[in-house]
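Peer 1: Model the full assembly from the supplied sequences, consistent with the hints where possible.
Spelled out from the first residue to the last, the chains are:
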Amino acid sequence: MELSGAQILVQSLIDEGVEYIFGYPGGAVLHLYDALFQQDELKHILVRHEQGATHAADGYARATGKPGVVLVTSGPGATNAVTGIATAYMDSIPMVIISGQVSLPVIGSDAFQEVDMIGITRPCVKHNFLVKDVTKLAETIKKAFYVATTGRPGPVVIDVPKDITAPNIKVPYKYPKKVSIRSYNPVVTGHKGQIKKAVELLLSAQKPIIYSGGGVVLGEASNELIEFTKTLGYPITNTLMGLGAYPATEKQFVGMLGMHGTYEANMAMHDSDVIIAIGARFDDRVTGKLDLFCPYAKIIHIDVDPASISKTVKVDIPIVGDVKPVLKQMLELIKESQKKPDKKALEQWWNQIRHWQALNCLDFDRTSPLIKPQYVIEQLHEVTKGDAYVTSDVGQHQMWVAQYYPFDKPRHWINSGGLGTMGFGLPAAIGVKLAFPESEVACVTGDASIQMCIQELSTALQYNTPIKIINLNNRYMGMVRQWQEFSYQSRYSHSYMDTIPEFVQLAEAYGHVGMRISKPEEVRPALEAAFAMTDRTVFLDIMTDQTENVYPMIEAGKGHHEMKLRVATGTSTDRELA
Amino acid sequence: MKHIISILMENESGALSRVAGLFSARGYNIESLTVAPTEDPSLSRMTLVTSGSEEIIEQITKQLNKLIDVVKLVDLAESFHIERELMMVKIKTTIENRDEIRSMANIFRGKIIDVTPSTYIIEMTGPSEKLDAFIAAIDPDSIIEAVRSGATGISRGEKGLHL
Ligand SMILES: Cc1cc2nc3c(=O)[nH]c(=O)nc-3n(C[C@H](O)[C@H](O)[C@H](O)COP(=O)(O)OP(=O)(O)OC[C@H]3O[C@@H](n4cnc5c(N)ncnc54)[C@H](O)[C@@H]3O)c2cc1C
Ligand SMILES: Cc1ncc(C[n+]2csc(CCOP(=O)(O)OP(=O)(O)O)c2C)c(N)n1
Ligand SMILES: [Mg+2]
Numbered sequence: 001m002e003l004s005g006a007q008i009l010v011q012s013l014i015d016e017g018v019e020y021i022f023g024y025p026g027g028a029v030l031h032l033y034d035a036l037f038q039q040d041e042l043k044h045i046l047v048r049h050e051q052g053a054t055h056a057a058d059g060y061a062r063a064t065g066k067p068g069v070v071l072v073t074s075g076p077g078a079t080n081a082v083t084g085i086a087t088a089y090m091d092s093i094p095m096v097i098i099s100g101q102v103s104l105p106v107i108g109s110d111a112f113q114e115v116d117m118i119g120i121t122r123p124c125v126k127h128n129f130l131v132k133d134v135t136k137l138a139e140t141i142k143k144a145f146y147v148a149t150t151g152r153p154g155p156v157v158i159d160v161p162k163d164i165t166a167p168n169i170k171v172p173y174k175y176p177k178k179v180s181i182r183s184y185n186p187v188v189t190g191h192k193g194q195i196k197k198a199v200e201l202l203l204s205a206q207k208p209i210i211y212s213g214g215g216v217v218l219g220e221a222s223n224e225l226i227e228f229t230k231t232l233g234y235p236i237t238n239t240l241m242g243l244g245a246y247p248a249t250e251k252q253f254v255g256m257l258g259m260h261g262t263y264e265a266n267m268a269m270h271d272s273d274v275i276i277a278i279g280a281r282f283d284d285r286v287t288g289k290l291d292l293f294c295p296y297a298k299i300i301h302i303d304v305d306p307a308s309i310s311k312t313v314k315v316d317i318p319i320v321g322d323v324k325p326v327l328k329q330m331l332e333l334i335k336e337s338q339k340k341p342d343k344k345a346l347e348q349w350w351n352q353i354r355h356w357q358a359l360n361c362l363d364f365d366r367t368s369p370l371i372k373p374q375y376v377i378e379q380l381h382e383v384t385k386g387d388a389y390v391t392s393d394v395g396q397h398q399m400w401v402a403q404y405y406p407f408d409k410p411r412h413w414i415n416s417g418g419l420g421t422m423g424f425g426l427p428a429a430i431g432v433k434l435a436f437p438e439s440e441v442a443c444v445t446g447d448a449s450i451q452m453c454i455q456e457l458s459t460a461l462q463y464n465t466p467i468k469i470i471n472l473n474n475r476y477m478g479m480v481r482q483w484q485e486f487s488y489q490s491r492y493s494h495s496y497m498d499t500i501p502e503f504v505q506l507a508e509a510y511g512h513v514g515m516r517i518s519k520p521e522e523v524r525p526a527l528e529a530a531f532a533m534t535d536r537t538v539f540l541d542i543m544t545d546q547t548e549n550v551y552p553m554i555e556a557g558k559g560h561h562e563m564k565l566r567v568a569t570g571t572s573t574d575r576e577l578a
Numbered sequence: 579m580k581h582i583i584s585i586l587m588e589n590e591s592g593a594l595s596r597v598a599g600l601f602s603a604r605g606y607n608i609e610s611l612t613v614a615p616t617e618d619p620s621l622s623r624m625t626l627v628t629s630g631s632e633e634i635i636e637q638i639t640k641q642l643n644k645l646i647d648v649v650k651l652v653d654l655a656e657s658f659h660i661e662r663e664l665m666m667v668k669i670k671t672t673i674e675n676r677d678e679i680r681s682m683a684n685i686f687r688g689k690i691i692d693v694t695p696s697t698y699i700i701e702m703t704g705p706s707e708k709l710d711a712f713i714a715a716i717d718p719d720s721i722i723e724a725v726r727s728g729a730t731g732i733s734r735g736e737k738g739l740h741l
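Chains A and B are the protein sequences, given in the same order. Take the first sequence: its letter number 450 is residue 450 in our numbering, and every next letter is one higher. Take the second sequence: its letter number 131 is residue 709 in our numbering, and every next letter is one higher.
Read the hints as simulated data drawn from the structure, not as lab findings. Here the structure is a predicted model, which is why all the values come from computation and not from measurement. Every residue gets a Cβ at the ideal spot worked out from N, C-alpha and C, and that includes glycine. Do not rely on the hints blindly, as some may be mistaken.
To be verified - Derived pair list, reagent style DSSO-like, types lysine-lysine, alpha-carbon separation capped at 27 Å:
1) A/Lys298 to B/Lys640
2) A/Lys564 to A/Lys251
3) A/Lys192 to B/Lys650
4) A/Lys196 to A/Lys340
5) B/Lys580 to A/Lys311
6) B/Lys640 to A/Lys192
7) A/Lys136 to B/Lys650
8) A/Lys197 to A/Lys311
9) B/Lys640 to A/Lys197
10) A/Lys66 to B/Lys644
11) A/Lys177 to B/Lys644
12) A/Lys311 to B/Lys650
13) B/Lys640 to A/Lys142
Said to hold, decoys possible - Sample of chain B residues facing chain A (criterion: CB under 10 Å; computed from the structure):
14) Ser595
15) Glu633
16) Leu741
Peer 2: The following block contains the structure:
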C-alpha cells in the first residue's frame, strides 16, 4: 500500500488503536487535516486553544490508562501546547503530541511560524523526534507510543515538517507491530535479593507505614496494593497522585500525607520505623523539610525509574521495577515466610494512630451561615455516591477535593500535581467524559483557575460532553491568599480580582446551564439538579466563604510532626478581607 | 571529586544537546565535554568531566541513563583508567627565554610543533593535571593562547564500553 505522509500518520494512529485526537489546525498541518477529513475512524476533537488539547488528551489518558494524542500546528500552535506537555511530563502521563513543523529545506531560516519545538520541549518530554524521512514516519510513530507508554510513562513529541506530509509523495506503508530501541530497555521485575531483604525488614517492623503514590495508578497495580496492604495489616497513606489506588473509605487508610495531608498520616510517617514507598517520588510537598523527614525510619522504595530512588531522600533498600510484578513477588514471599507481622507491636501502633485520628483534623465549621467549600465537596461525594470522575484545577479547591472526596477507585481523581497547572480541570474533564460518556464527570475549579481555559466550554458544547463544573467561587486566588495571610501578614498582593465575570451568564452564552448558589441549604438540591440533567453541561457557581483556609498544613521549613492545625473556626463576612 | 563519565550514544542530531541541556537544567557542572564518532558510525562517544558529591554523581549517571539516546555509560572513576587531554599552547618567545621554554617543554614531554621568530607552539598530552602544571610553570605573560581538548579516558584491562 502506498500512502502519503499525511495518510501514513492518520493510518498509523488508527493502527495503533487511537480513538480520539485532540487538535487545532494551521498551515503546517493542513495536509494532515485534509487526510483526517477523508476518513472517519479516527475522531478529531477540535479544541479552542492548544493548551486545551493537551489537557483534554491528558485527562483522557489519566482516566483510561491509554495514551492521549494531540495534533497542533507549528509555531504558536506548538508553543501553546507546551504547558500541557510539561503538565503531563511532571505527572508521568503517556501522551503523543504531533506538532507541525516548517518544511525541511527552510528549517533554521526563521521561516513563517517556525519554532524549534524539539529544543523547546526537550526538558519537558520523555523523548522527542524530528521526522526527516517519510519512509521512517510509521516506525517513528510506533517508537513514540512505545516510549510514551512503557517504563515510567511520559509525553513524547513528534515534530513533522510539512513536506513530509505532502500529498504527492507516496511511499509504501506498513505499521510495525513491535519496535525495539537498543538504548531503551525499561526494567520490569525487581531484584530478588533486594525484595527478600525488603520483606524481612517489613516483617520485623514495629511501626510500619505504606506510602504509595501515582506509580501504583500508572502501573495498574491497585489490586496488588490492596492485597499487599490487607495481608500486612499496616496503615497506608497516599500521595495526592496516588489517591484512589487504595480505597479511601477502607479502615487501614489514614488519608493523604504531605503539606495538606492528614495529621495522622504525617505523624505516622514521622514516628514510623519502616516505610515502604511504592511508586512515589518523595516530592517536597510530601516530605516537608528534608532534615526532619522520618528520622527513625528505614526506607524501602519501589520505583521503575532508578532516578526517582535516593534523589531527595536516601533510601535503605531500593527496588527498581514495575510496581505490579514487584508487589506480586513481595506478596509471595510474605505468604511463604515463617515470620509474621508483630501483632502486639502493630496493635500498639494502631492505638497510637487512632489517638491521632481522634483529633479529627479535617473537621470544619458546620454551623456557618456561609457556604463552606468542604461541605460542598462532601455533598458532591454523596450525590455522586463516590463514583464520579473528578477533575480539578489548582488551588484550595483542589486540596479540598483531595481531603473531602474519598476516592475508592484509581484513575477517578484527575489533577495536575507536579506542575500544578491552573486551567487543567475543564479540558481534562472533557477528555474524561469522551472516554466514559456514561460516567459522571465533575470538574471542581476556582474562580481564577476556570478562567485560564474557559474557552473550552465551547468544545464541551460541540462534542456534547455533559460535565458538571463546580466552581468554588471565593472571589480570591484562595491558595495565594492563604499563603499571604500566613506568611505576609495578610498583605493580599494581587490575589483578588475585582472583575470576576458573571459565570452563570458566561455558561449560558456558551450554550450551557448556569446556576448560582449562595446559601448552604441550596447546595445539595443544586448538585442533585445538575447531575439529573444528564445531557447538559452545568456550571454551578457556588459562592463560598472567602476566608476559608486549607487545614491542616505543614508550613515551609517544617517537618511532618509540626503541622499547623485549624483552631476554633471563625467566619468572616464577604468582602471583609478585601 | 572529579569524575570522568564516558558515554556511548546514538549518533543522532540533537543527542549532544540532550546531554548539555540535562546538565544546565539540573544545575550539574560540566568541566569539559568531548564528543566524536566511534568505529561504529551509528554511535558516538562522549566524555564528560564533572564533579560533585557521591549523591550528585549518582543522580547524574541515572539521569544520563534515562536519556533515550544514551546507549551505555561508565563512570571511569570507579575503576582503573587512563586519562588524556591534548593541549596546544602558543608562547611568546624572546632570545632570553627560548632555551628555557624548550627545556620546560621537554621536561613535560611536549613537542614544539610550530616555530616563528617570536613564538613557539607546544603540543602536549597527558592527564589534565599535568597540563595544568605546565601552564603554571610558564610565565603567564608569555602565553598568547592555550587550547585544550578536554579530557577523554578509557578503562584499563579487558573491559570496554561497547554494545
Ligand atoms: C497546590 C498543591 C498542593 C499539593 N500538596 C500536596 C500534598 O499535600 N500532598 C501530596 O502528596 N502532594 C501534594 N501535591 C502534589 C505534589 O506536588 C506531587 O505532584 C505529588 O506529591 C507527587 O506524587 P507521587 O510521589 O505519587 O509521584 P508521581 O508524580 O505520581 O510519580 C510517580 C512515581 O512512580 C514511579 N512510577 C511510575 N510508574 C511506575 C510503575 N509502573 N511501577 C513503579 N513505579 C512507577 C515514577 O517513576 C515516579 O517516581 C500538591 C500539589 C499542588 C499543586
Ligand atoms: C498557570 C498557573 N499560574 C499561577 C499559579 C499559582 N497559583 C496556584 S493556586 C493559585 C490560585 C488559584 O485560585 P482559584 O482558581 O480561585 O482557586 P482557589 O485557591 O481560590 O480555590 C495560583 C495563582 C498556578 N498554579 N498555575
Ligand atoms: Mg478562588
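Peer 1: Straight-line Cα separation of A/Lys177 and B/Lys644 no greater than 27 Å?
Peer 2: 25 Å, holds
Peer 1: Please verify that hint: B/Leu741, Cβ, nearest Cβ of chain A, below 10 Å or not.
Peer 2: 7 Å, holds
Peer 1: Please work out if B/Lys640 and A/Lys192 have their alpha carbons no farther apart than 27 Å.
Peer 2: Roughly 21 Å separates the two Cα atoms, so the pair holds.
Peer 1: Verify the proposed pairing of A/Lys298 with B/Lys640, using a straight-line Cα cut of 27 Å.
Peer 2: Satisfied, since the Cα-Cα distance of roughly 23 Å is no more than 27 Å.
Peer 1: Holds or violated: are the alpha carbons of B/Lys640 and A/Lys142 at most 27 Å from each other?
Peer 2: This hinted pair holds, its Cα atoms lying about 26 Å apart.
Peer 1: Between A/Lys564 and A/Lys251, does the CA-CA distance stay at or below 27 Å?
Peer 2: Distance ~25 Å between A/Lys564 and A/Lys251 Cα, so the pair holds.
Peer 1: So if I understand the rule, the pair passes when the alpha-carbon distance is 27 Å or less; does B/Lys640 with A/Lys197 pass?
Peer 2: 23 Å, holds
Peer 1: Report holds or violated for the interface hint on B/Glu633, using the least CB-CB distance to chain A and a cut-off of 10 Å.
Peer 2: This hint holds: B/Glu633 lies near chain A, its Cβ roughly 7 Å from the closest one there, short of 10 Å.
Peer 1: Are the Cα positions of B/Lys580 and A/Lys311 separated by 27 Å at most?
Peer 2: OK: B/Lys580 and A/Lys311 at ~20 Å, within 27 Å.
Peer 1: Need the status of pair A/Lys196, A/Lys340: alpha-carbon distance at most 27 Å?
Peer 2: 14 Å, holds
Peer 1: Hinted pair, alpha-carbon criterion (27 Å max): A/Lys311, B/Lys650. Please report holds or violated.
Peer 2: 21 Å, holds
Peer 1: Does the nearest C-beta of chain A fall within a distance shorter than 10 Å of the C-beta of B/Ser595?
Peer 2: 7 Å, holds
Of the hints listed earlier, there is not a single one the structure fails to meet.
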